[in-house]
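Chains as they are written, first to last, in my numbering: chain A, 1 to 118; chain B, 1001 to 1523; chain C, 2001 to 2351.
Hints listed in this document are in silico derivations from the structure and should not be mistaken for laboratory results.
Wrong hints could be hidden among the right ones.
Partial chain C-side listing against chain A, Cβ under 7 Å, derived [as the list claims (entries may be wrong)]:
no.	residue
1	Thr2013
2	Val2085
3	Ser2089
4	Leu2092
5	Gly2107
6	Asp2108
7	Leu2111
8	Gly2168
9	Asn2171
10	Val2172
11	Ser2174
12	Gly2234
13	Arg2304
14	Leu2305
15	Asp2308
16	Val2311
Think of the CB as a built atom: it goes at the ideal place given N, C-alpha and C, for glycine as much as any other residue.
The chain contents come next:
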Amino acid sequence: MAIFESLLNTFETGSGFWNPIVWLVTILIIFLIIYILRGFGNKNYKINTEQVKPFLSGNPEYDKEKMHIKGSNIYWGFTESLKWIFDNLNKMHTGNTSDYILWFVVIISILFLVVGLI
Amino acid sequence: MSFIDFLLQHSPALIVAIPLLGAFLTPLISKINNRVRNVFVILIILITTILVMLLASDVFSGNIHTYVFGSQDLTVPLVRILFEVDAMSAFMAIIGSILLLVSVIYSWSFIDENSGLDKYYTLVLLLAAGMFGMMLTGDMFNFFVFLEITSIASCALIAFWTNKGKAVEAAFKYIVISSLAALFILFSIALLYGQYNALNIAVLGSVIQFSYLDKIALVLLIAALAMKAGIVPMHMWLPDAYGRAPASVTIILIGATQASLYGVFRVCFTLYGNTINLSSASIGWIIVLLGLITMLIGVAMALIQSDFKRLIAFSAVAEIGFIFLGIGTGLTLFANNQMFGLIGTTAMSGGIFHIINDSLDVGLLFLVAGAVYYATKETSLDKMGGLARHMKYTTIFFIIGLLAISGIPPMNGFASKLLIYESTFQLNPILSIVAILSSIMLLAVFVKVFHSAFLGPALPKFNGVKEVPKTMLFAMGIIASIIIIFGLFPDLVINNIVDPAVNALINYSDYIREVIPTFTGGF
Amino acid sequence: MDLAVVSQAALITIIGAIGVTIFGLIFGLFYKGVDRKLSAHMQGRIGPPLKQPFLDVIKLFTKENIVPENAISWVFNFVPLIGLVATISIILYLPIAGFDPLLYNKGDLILILYLLIIPSLSMVIGGFSSGSPYATIGAQREMATMIAYEFPLAIIIISIAWKLSIDGVSNVFSLSSIIAAPIWSTVGPLGFIGFIILLLSLIIVTPAELSKIPFDSPEAETEIAGGLLVEYSGRNLAMFYLTDGVKTIVMASLIVALFFPYNLSPLLGLESYLAFSVDIIFYLIKILLVILFSVTLIRVAIARLKIDQIVYTYWVPITLLSLVGLICIMWDQTIMTNFGLEPLFKMIGLI
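Using the sequences and the accompanying hints, generate a full structural model.
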């Protein structure tokens, strides 16, 4: 019983709580209800008809390769509006080993300043 | 004395010695048969893991283990090397052993098609010996030696796929950075040795004065070890190295990086423990700020990567920022007793808990990346798509990794991040805000991967792709189940594993008193 | 802790879970109807009847549930469920009608912040998994929007917790502590301005959290044909529809709990069941007002922004605004301790 109790313990951070087991139990109950509710819905559709083709506003579907949006195009809006940050970050990552060491020297000098040696 | 007691007493030495001896035996055993060699290596690591667990369970119950090589007579100076295992070392060793065990199981199929596997396994075991040595040693010079062993073994392993030029380039960068860091560490050890005529961490810790030379040594140690741990802006070798090494090696490299991280904390809290009130505020704030930029730049760079493993490497950098934030907050408040009791310990347990969570989450994701590479021979996200159709289990493991690294409840990442958010905000609200933001951006980073690698229409070129072999799935399954267990029972983990480690860092005088019983400083 | 206590707690949890499910679904749809009616009146239309959302759900349940050929079917079918379930579970941690949250010592504000991510995340993954270019574009926009508004949202939540921790409240992230110590009660003039600014930011964050105009570019019907929901139909779409309704209630309840946790019954001196019913009605009115201002009014008044404008709006003006709010609150503290009313009086010579 003691082990069982310690499994149910709430995780306390000093300013908040988190009890995963209770959350999991409630999630399961709610899931069950919603799953039953969902079961009342119509579950059929016509396989192998025009129905399952992707909706492209009437345009024809190209190769599957072309229909898959590539990883580097994702989050365009985000990178576009913060372009100046990403440009500078890219500029920082030169891939040049001497630059790597330069950063090390920079950090050492900052640390020297903070500790009060310079 | 029973056999278990005997093992326990000698385990600090055995944990390093068994992989080391195994490494030298591996080339001989590979002459017999590949299968025998694989079994042998797994066996070696398994024995080491069992020893680590045995030692850790004893250390967590409150005993600090010391192991003396050389003269047992403590009055004779300098003719011995001392291993000292407190709860923090044991905690790190647990992480290292889990990662190693998973890596060798994963390697069975993953690296199977390559030649030169006898060298591969030899190097893996050498790396294991170096990593455990760094975590368990109680001697500064010895720490440097093991750091060098780790660096050289890692360098060779990063370049394992020598037919790809970029792997060699990454290895070259890694060895330049590592040797530089190691040299600076050696230099600062010399500074300390010149002043105090001692190399043992406990002895140095008991006499340290925070003189001018000590300050130089502290700065050099922190900078060099932070570079080895991949702290922004000294992180740039890390994506190269992690991205180009085979996935089974990358997961051990995570352990080696964490060992350097452990070095930072050992230096700040134990070596300079006696003068911590002088240094804690300034050094603590520097560590907190480094943690903040590490998180932000790590996730921002991860967001725009298009190479699967490089992307994970940048998010690994970001995760290290969380650890620095948590432990740095603790260090900043160390001198302030009231605040430290209130939030410092919470922040530190968050940071230390995050060390293990970070290793597991990032490790799992690297293994998934390796599995995708194994199945498709692609690493660029732009060339993948629709793999969830063919690799259902890998996809599920990826989802677990995704949720865990971005700290979505009920995974383990949430528990440690919760501790960090709910303590650091009292030092300064901005710290928690940046941490929450970075965590959400990590989610975005991996949702992008989820889309571009696993979802989308079925690409004709991947029609023949099959699920990866069972050993690889098993290795991923081990990590995934630990992630879920840690996520569901965070309270148990905190009480039994993390809190002893936090207390070991805070009560540095216990560490010193184990070697010098007359030491009276500290609390 | 013996078996009786555990079983009692389990019973409360189970009944509570069933209760909030019913509450969330019904009131979510009801407020959706109210929102549509109000926005129609603002635009000079008559608008649909209040029960229209219920009819919509019933209609969706009778429609075919198409799984497109490009979709990964198990992900595609599973995520709508997860989104709805996670959203409903948030209600358990929120103070409803002025009562303490049902699981008041089992979860906190950060948990709510993270659980609020799950419905958006499920929409994103659902969109990605449908394998259609429109849905993919919509989904990545939703994710970008999410990163964008999470910055000010984090500032708001942490500021409130920081203020409470300075006031010496214990368990500052717990919702029951927050409603027990309303933030307005201890602030000075500068802090008051700070919290007003934070409230404004939260009201601007809410439409994005709920994917409403002007921040609905993930769904943008006119350009990407419904975006991340384009391939969804039938009961799966109904799940997302319900999620939207429940999430509206959750966000409104969160704003009420953080900024307006007051009850009417102590003021009127009521007791027992009368007090409960007055509080419940008062709470429902508060929710209505919050939805009116943060959802309906904004969505009628402003046109849709482009995705890069959304990110810019949140990361630059709104973030700066909430940082100003945070700084006001922090300064309020120093000013109150150093130059508060008492030192001020002393300085003048009144005391």
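Hint by hint, here is what the structure shows:
1. Thr2013: holds (6 Å)
2. Val2085: Check passed: Cβ of C/Val2085 comes within 5 Å of chain A, closer than 7 Å.
3. Ser2089: holds (5 Å)
4. Leu2092: holds (6 Å)
5. Gly2107: holds (6 Å)
6. Asp2108: At about 3 Å, which falls below the 7 Å cut-off, the nearest Cβ of chain A leaves the hint on C/Asp2108 intact, so it holds.
7. Leu2111: holds (6 Å)
8. Gly2168: Where the cut-off is 7 Å and the nearest Cβ of chain A is about 12 Å from C/Gly2168, the hint is violated.
9. Asn2171: C/Asn2171 check passes; min Cβ-Cβ to chain A is 6 Å, inside 7 Å.
10. Val2172: Holds: closest Cβ of chain A sits about 5 Å from C/Val2172, inside 7 Å.
11. Ser2174: holds (6 Å)
12. Gly2234: Nearest chain A Cβ about 6 Å off; hint holds.
13. Arg2304: violated (13 Å)
14. Leu2305: violated (10 Å)
15. Asp2308: holds (4 Å)
16. Val2311: This interface hint holds because 4 Å falls under the 7 Å limit.
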